[in-house]
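Student: Listed below are the residues making up each chain.
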Amino acid sequence: DAGVTQSPTHLIKTRGQQVTLRCSPKSGHDTVSWYQQALGQGPQFIFQYYEEEERQRGNFPDRFSGHQFPNYSSELNVNALLLGDSALYLCASSLFPDSSYEQYFGPGTRLTVT
Amino acid sequence: AQSVTQLGSHVSVSEGALVLLRCNYSSSVPPYLFWYVQYPNQGLQLLLKYTTGATLVKGINGFEAEFKKSETSFHLTKPSAHMSDAAEYFCAVSDFNTGNQFYFGTGTSLTVIP
Numbered sequence: 055d056a057g058v059t060q061s062p063t064h065l066i067k068t069r070g071q072q073v074t075l076r077c078s079p080k081s082g083h084d085t086v087s088w089y090q091q092a093l094g095q096g097p098q099f100i101f102q103y104y105e106e107e108e109r110q111r112g113n114f115p116d117r118f119s120g121h122q123f124p125n126y127s128s129e130l131n132v133n134a135l136l137l138g139d140s141a142l143y144l145c146a147s148s149l150f151p152d153s154s155y156e157q158y159f160g161p162g163t164r165l166t167v168t
Numbered sequence: 006a007q008s009v010t011q012l013g014s015h016v017s018v019s020e021g022a023l024v025l026l027r028c029n030y031s032s033s034v035p036p037y038l039f040w041y042v043q044y045p046n047q048g049l050q051l052l053l054k055y056t057t058g059a060t061l062v063k064g065i066n067g068f069e070a071e072f073k074k075s076e077t078s079f080h081l082t083k084p085s086a087h088m089s090d091a092a093e094y095f096c097a098v099s100d101f102n103t104g105n106q107f108y109f110g111t112g113t114s115l116t117v118i119p
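Going down the list, the sequences are from chains A and B. Here the first sequence is numbered in our numbering, starting from 55 and rising by one per residue. Here the second sequence is numbered in our numbering, starting from 6 and rising by one per residue.
Watch out, some of these pointers could steer you wrong.
[Claimed, not checked] Chain B side only, calculated, beta carbon under 10 Å to chain A, not exhaustive: (1) Gly-13; (2) Ser-14; (3) Leu-49; (4) Gln-50; (5) Tyr-55; (6) Thr-56; (7) Phe-107; (8) Phe-109; (9) Gly-110.
Source of the hints: derived by calculation from the structure; they are not laboratory data. Note that the structure is predicted; figures quoted are calculated from it, not measured. Glycine included, every Cβ here is placed at the ideal spot set by N, Cα and C.
So here's chain B without its partners, still in its complex pose (with noise of 0.2 Å):
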């Protein structure tokens, strides 16, 4: 069965600091990843996925995450964190035995000192 898990229910960084969120998962096929931000009182919003080809994604708003088969991970980076980066960020995992259903991992909220 699929799995995602999210290590860190929180996270803080100074703004200007870099983001690092961490996100390891488990398939028994190669796995579609995806990174999820949700603002207070609103939906999922996607910020990044990796289906296949080059392993290292680029999103929106300076987000990038690396798929690495050997480690189980996809770790969410950003060089630089904006107050506005403030948010819940979650990861999922699908595959095509998961028949389209996406499993979330728990969550990391993210907190942007200034």
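Looking at chain A on its own, in the form it has when it is part of the complex (with noise of 0.2 Å):
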């Protein structure tokens, strides 16, 4: 059974650029979180999507946009990169409405904004 996928694993972009992470849920679940992990801090959550939209966001600007596709697997999209992005992004799945108590974390991407 395969976990929570997540690609690329590491990335390097300038400032200015947009990037796309993708992530695909653990079999079974329909719901994706996505988080930011800056270095030396906890995860802090971006958005969650289910049934292909966002259901809820947390403190992130509009330059943070998602999509979630019929299949369940998911995109986040950075616009207008700055240094202040880099971080390790983790998508987490779960399946609705067990979301509050069970979500599985994916290995992550690490980006680089230079």
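Starting from the two chains in their separate frames, assemble the complex, guided by the hints.
Tutor: Below, the structure written as structure tokens:
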């Protein structure tokens, strides 16, 4: 049973560029959440997708957007990259309506903005 | 609003000694509480969780945690530390009011001294 997978593993971008990160949820899960983990910090919630819609959003600017596909996989897009966007981006999957107490995390994508 | 405080950003113990990692939370409703472990350059792995029922929760790798409502705490313990326990540990909280959003502490780095 495949767990949560994310691609790419590492990414280097320049300020002002745009980036797309991808996530495939654990088999049987239908909900995807995205978190940003800055160096030395705990993960911070970006947003959550269920039924191809953004259901909840954390305190992140509109430069951060996402999408969920019919197969439940998801993308995170970040526009106009800033140096401060450098972080590990984690995807977590869950099964509605159990997302309050059951989220499985992927290995993350390390984004470096130069 | 939910929040998590992890006392001690760095904890060192000798191999074979007791591990105690502290976590206090704030929540206006009964919380769901979690401990995750993160090894270098990896994602988050669930150690254990409390949702309802027994307040002493046993997890993987010999870890356990006790939910103490009166103290708003969920400290993580392991009777005997092993070298492989060296990692970053995160406490997290959620509840139905947060709408599936997990709030994480800033993490505790555990070093095990041989």
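Student: Next, verify each hint and record whether it holds.
Tutor: Now for the hints, and whether the structure bears them out:
Among the interface hints, the one on B/Gly-13 is violated; its C-beta lies about 14 Å from the nearest C-beta in chain A, farther than the 10 Å criterion. Evaluation of the B/Ser-14 hint against chain A yields a held restraint, the C-beta minimum of about 8 Å falling below 10 Å. Interface restraint check for B/Leu-49: the shortest CB-CB distance to chain A comes to about 4 Å, inside 10 Å, so the restraint holds. A distance limit of 10 Å between C-beta atoms decides the matter here; for B/Gln-50 the minimum to chain A is near 8 Å, and the interface restraint holds.
Proximity of B/Tyr-55 to chain A holds as hinted, the smallest CB-CB distance being about 9 Å (cut-off 10 Å). Satisfaction of the interface hint for B/Thr-56 is found here, the shortest Cβ-Cβ separation to chain A being roughly 5 Å, below the 10 Å cut-off. Using the Cβ-Cβ criterion of 10 Å, the hint placing B/Phe-107 at the interface with chain A is satisfied: the shortest such distance is roughly 6 Å. With 10 Å as the threshold, the beta carbon of B/Phe-109 comes within range of chain A, its nearest partner Cβ sitting at about 3 Å, so the hint holds.
Given the 10 Å rule on beta carbons, the hint for B/Gly-110 holds: about 5 Å separates it from the nearest Cβ of chain A.
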